[in-house]
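J.: Here are the chains, one letter per residue:
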Amino acid sequence: MTSLPQSTQKKLGLAIDLDTCVGCHACVISCKEWNTSNYGSPLSDMDAYGAEPSGTFLNRIHTYEAKTLERAAQVVHFPKSCLHCEDAPCVTVCPTGASYKRSEDGIVLVNEDDCMGCGLCAWACPYGAREMDVAEGVMKKCTLCVDRIYNENIPEEDRVPSCVRTCPAGARHFGDFADPDSNVSILSAERGGFALMAEQGTNPVNRYLPPRPKADISGSGQIGVPATALGEETGGAKGFLSWLDKALEKI
Amino acid sequence: MHPAPSVIIFTALSGLGFGLMAWLGFGLPAVSGWSAFTFFFVAYALAVGGLVASTFHLGNPKRAIKAFSQWRSSWLSREGVLAIVSLLVIAVYAIGVIFLNQRWQIAGWAGALLSLGTVFTTSMIYAQMKTVPRWNTPLTPVLFFLYALAGGALLAGQTGAAIMLLIVLCSVQVLAWVLGENSFARAGHTIETATGLGNLGRVRLLESPHSGPNYLLKEMVYIVGRKHAHKLRVIAIFLMGLVPVAILTLLPTNHYMAAIAVLSHMAGLFVSRWLFFAQAEHVVGLYYDKR
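Protein sequences appear in the order of chains D and V.
Just so we're aligned, residue 1 is where the first sequence starts under our numbering, counting upward by one.
Just so we're aligned, residue 1 is where the second sequence starts under our numbering, counting upward by one.
To be clear, the hints were calculated from the coordinates, so they are not data collected in a lab.
These figures come from a predicted structure and were not determined experimentally.
Worth double-checking, as some hints may not be accurate.
Keeping only pairs whose Cα atoms sit at most 25 Å apart, straight-line, the calculated DSS-like set for lysine-lysine is [unchecked claim]:
#1 V:K290 x V:K218
#2 V:K218 x D:K32
#3 D:K67 x D:K214
#4 D:K67 x V:K290
#5 V:K231 x V:K290
#6 V:K62 x V:K290
If you only want the chain V side, here are some residues facing chain D, beta carbon under 8 Å, derived [to be verified]:
#7 P61
#8 V85
#9 G96
#10 I98
#11 L197
#12 L200
Cβ coordinates follow ideal geometry from the N, Cα and C atoms, glycine included.
Start from the sequences, fold in the hints, and give me the full structure.
T.: Shown next, in the form of structure tokens:
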């Protein structure tokens with residue numbers, strides 16, 4: 001049944017650090033590599049060497065610029081994959097029972113043998129986390145690397161999602177949000193982790209850690225004006241530098 | 001949203017078919033024999049034709065049978081189940097009317113109500129989408145009902161009802177268009193709430209995830225043709241409402257004029273349904289800084 005579980009024992013998910021992410025797209029590549037060759041059908045590419053290449057990805061990095069009038073623009077690299085919502089609208093719309101949320105760990109999955117490729121779950125997702133594979137005609141989404149995290153055939157340090165394992169900046173953290181003492185719960189609490197588009201009522205498990213405030217280097221508040229054109233302000237100088245400033249003024 | 005022809009044909013034709021079935025089930029008109037056969041044939045052709053068209057956009061149509069299983073949670077599944085039940089119940093009534101000269105009115109009423117229920121479930125597939133604010137309103141089921149009842153009345157030759165319903169339909173459709181204009185803003189979704197970066201300032205997309213398009217953009221960020229929306233709305237109201245009402249009120253009643261009224265209504269219905277999809281903005285567009 002595509003009804004959602006009342007509650008899940010664990011809430012496995014990711015804490016994604018927008019302060020640390022450098023936008024290298026390594027997680028995009030490692031996600032594609034792992035998930036095209038393991039659970040489910042491959043993640044196909046269309047016209048891969050042609051004029052209009054496109055393909056199925058479970059994880060994509062957007063890059064945003066945030067800008068106020070007073071401050072320099074801030075660039076934020078923004079990884080986005082399935083947020084494994086507690087009230088996942090993609091699950092309940094599914095007519096065939098292919099989409100489901102696991103009661104044991106909260107992972108949202110698609111049973112591809114039941115998927116008829118109607119695409120309604122992708123419509124229901126506010127985050128663009130689900131993509132139809134054009135070659136297979138089935139819906140693909142992040143599995144939280146369910147075939148890695150419980151896999152006793154691989155070394156213990158590899159039993160995390162591929163994107164987490166590969167991130168060279170350590171921007172992606174995997175853990176159980178149901179446990180208040182887990183690494184991700186503590187990180188999220190300390191850094192003010194937030195949910196995306198909370199007003200949609202989807203109750204995402206994944207949390208985003210906001211970029212830390214940058215030092216304000218905009219000086220007088222005029223951006224785009226060369227510093228030399230603004231004149232120099234030495235009023236704040238103290239001690240020897242103050243004396244030197246005055247002495248040089250008198251020459 | 002991408003206005004896929006299969007989905008436009010599905011919602012338009014099956015809506016008309018089940019609308020006509022509802023009128024026939026209520027015994028309006030109270031036909032029998034060959035005349036009844038013709039009416040029911042048209043109703044089944046429209047309803048079944050629409051349902052078949054809906055399978056054309058599936059990635060794996062061979063698994064469509066599984067779509068009847070999740071009626072407890074999924075509006076799409078409920079739609080499939082109710083459509084089949086409606087077709088079967090109306091078939092009982094139709095057999096009585098066509099072949100046995102019997103009017104099993106309970107089957108007729110049940111089939112009529114089930115047909116309207118099917119139209120409601122179709123509308124809820126769209127109305128339930130919080131991700132598409134323009135659809136996420138009680139006006140969506142109201143409109144789907146009115147399209148089915150008005151088109152059905154036109155097909156069933158219920159002149160008086162058709163005139164009334166077409167006028168109401170056009171009024172509610174215009175109201176839905178007007179209210180729909182600000183629905184996205186009223187829902188409060190912005191690129192700042194989507195990214196959670198609003199406290200840093202105004203957000204814009206600096207670089208998209210990939211150099212090319214993807215499924216999300218093709219399916220949910222359809223922008224082509226919106227610039228003609230205003231003209232298309234006028235055309236839709238003219239064809240689906242004004243022309244049929246003018247024919248029914250001003251011109252002598254005969255089969256040819258009725259056929260022209262029906263064809264005009266259907267052309268307007270297709271234009272309006274195309275707009276229903278093409279103008280609907282999905283919140284995922286915010287992540288791509290376009291809607």
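J.: Within a Cα-Cα threshold of 25 Å, do K290 (chain V) and K218 (chain V) meet the stated pairing?
T.: 12 Å, holds
J.: Hint check: K62 (chain V) vs K290 (chain V), CA-CA at most 25 Å. Holds or violated?
T.: 35 Å, violated
J.: Quickly compare the C-alpha distance for K67 (chain D) and K214 (chain D) to 25 Å and report which way the hint goes.
T.: 12 Å, holds
J.: Let's test the interface hint: is any C-beta of chain D closer than 8 Å to that of L197 (chain V)?
T.: Since the shortest Cβ distance to chain D is 5 Å, the answer is holds.
J.: The hint names V85 (chain V) as touching chain D; please verify it with the least Cβ-Cβ distance against 8 Å.
T.: Status violated, d = 16 Å.
J.: Should the hint that L200 (chain V) touches chain D count as held when the rule is a Cβ pair under 8 Å?
T.: 4 Å, holds
J.: Using Cβ atoms only, decide whether I98 (chain V) comes closer than 8 Å to chain D, and label the hint accordingly.
T.: 33 Å, violated
J.: Given the hint that K67 (chain D) pairs with K290 (chain V), test it: the Cα-Cα distance must not exceed 25 Å.
T.: 18 Å, holds
J.: Quickly compare the C-alpha distance for K231 (chain V) and K290 (chain V) to 25 Å and report which way the hint goes.
T.: With a Cα-Cα distance of about 23 Å, the restraint between K231 (chain V) and K290 (chain V) holds, given a limit of 25 Å.
J.: Is K218 (chain V) close enough to K32 (chain D), meaning Cα to Cα at most 25 Å?
T.: 20 Å, holds
J.: Using the nearest Cβ pair, does G96 (chain V) come within less than 8 Å of chain D?
T.: Violated, because the Cβ-Cβ distance from G96 (chain V) to chain D comes to roughly 32 Å (cut-off 8 Å).
J.: Under 8 Å is the threshold here; is the Cβ of P61 (chain V) close enough to any Cβ of chain D for the hint to stand?
T.: Holds - the Cβ of P61 (chain V) comes within 8 Å of chain D, reaching about 7 Å at its closest.
Comparing the model with each numbered hint stated earlier shows that hints 6, 8, 9, 10 do not hold.
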